[in-house]
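Kindly generate the complete structure, drawing on both the sequences and the hints.
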Amino acid sequence: MSRFPLRLLPILTLLFCFVGSFPAYSQTSEDTPAVNDDTPIQGQNNERRERRDQARENRQERRGDRQQNRQEFRENRQEQRGDRKERHQEFREKRQEQRSERQENREEMRENRQEQRGERKDRMQEQRGERKERHQEFREKRQEQRGERQGNRQEMRENRQKQRGENRNNRQERRGGRGRPN
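By this note's numbering, the letter at position 117 of the sequence shown is numbered 117, and the numbering carries on one by one without gaps.
Keep in mind that the hints were calculated from the coordinates and are not lab data. Be a bit skeptical, because a hint or two may be false.
Claimed, not checked - Ranges of calculated distance between the beta carbons of each label pair, as one might list FRET restraints:
(1) E166 x F138: 36 to 44 angstroms
(2) N45 x E79: 47 to 55 angstroms
(3) M109 x R134: 30 to 38 angstroms
(4) E126 x N167: 57 to 65 angstroms
(5) Q163 x E126: 30 to 38 angstroms
(6) E115 x E93: 29 to 37 angstroms
(7) E86 x E115: 40 to 48 angstroms
(8) E166 x K141: 57 to 65 angstroms
(9) R142 x E107: 47 to 55 angstroms
All C-beta atoms in this analysis are idealised placements derived from N, C-alpha and C, irrespective of residue type, glycine included.
Here you go:
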């Protein structure tokens, strides 16, 4: 076995192929012309050149496509941003409108409540006045009845007193004038 490192073999093969692809190194004889399209090596060079040119064109085309995609993406993003802004603006306006409506409704409800409160207050005031009036009438009537009862009691007392006096006089007369003096 030789001591030649086998790992270098593929690298050296590529190097020789690369060096062999140049016309200056590939010509072994001075008799052959420098440029000949019919030679197999020159044909390979042309093919490589065409492939390189094609690859370059493909790269440029892909670069152009990427730029166009980026541009379209930017435009779409800008458009979407505009749409979002517009929707958000509409949403804000709608929300503001709803807030205004709610505020108006609250004001209206507050006014209605105050009006109802005022009406209730008036009714209560009126009812209070009626109750006071009825109560006053009741008190006057009660006072009158008390006065009547008191008058009746006084009258009854006087009548009893009178009756007692008469009874006493009658007893004395029946006894013949005996008894306690009045």
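Here's how the hints hold up against the structure:
no.	hint	verdict
1	E166 x F138: 36 to 44 angstroms	40 angstroms, holds
2	N45 x E79: 47 to 55 angstroms	50 angstroms, holds
3	M109 x R134: 30 to 38 angstroms	36 angstroms, holds
4	E126 x N167: 57 to 65 angstroms	59 angstroms, holds
5	Q163 x E126: 30 to 38 angstroms	54 angstroms, violated
6	E115 x E93: 29 to 37 angstroms	33 angstroms, holds
7	E86 x E115: 40 to 48 angstroms	43 angstroms, holds
8	E166 x K141: 57 to 65 angstroms	36 angstroms, violated
9	R142 x E107: 47 to 55 angstroms	51 angstroms, holds
Violated hints, in rising order: 5, 8; the structure is consistent with all others.
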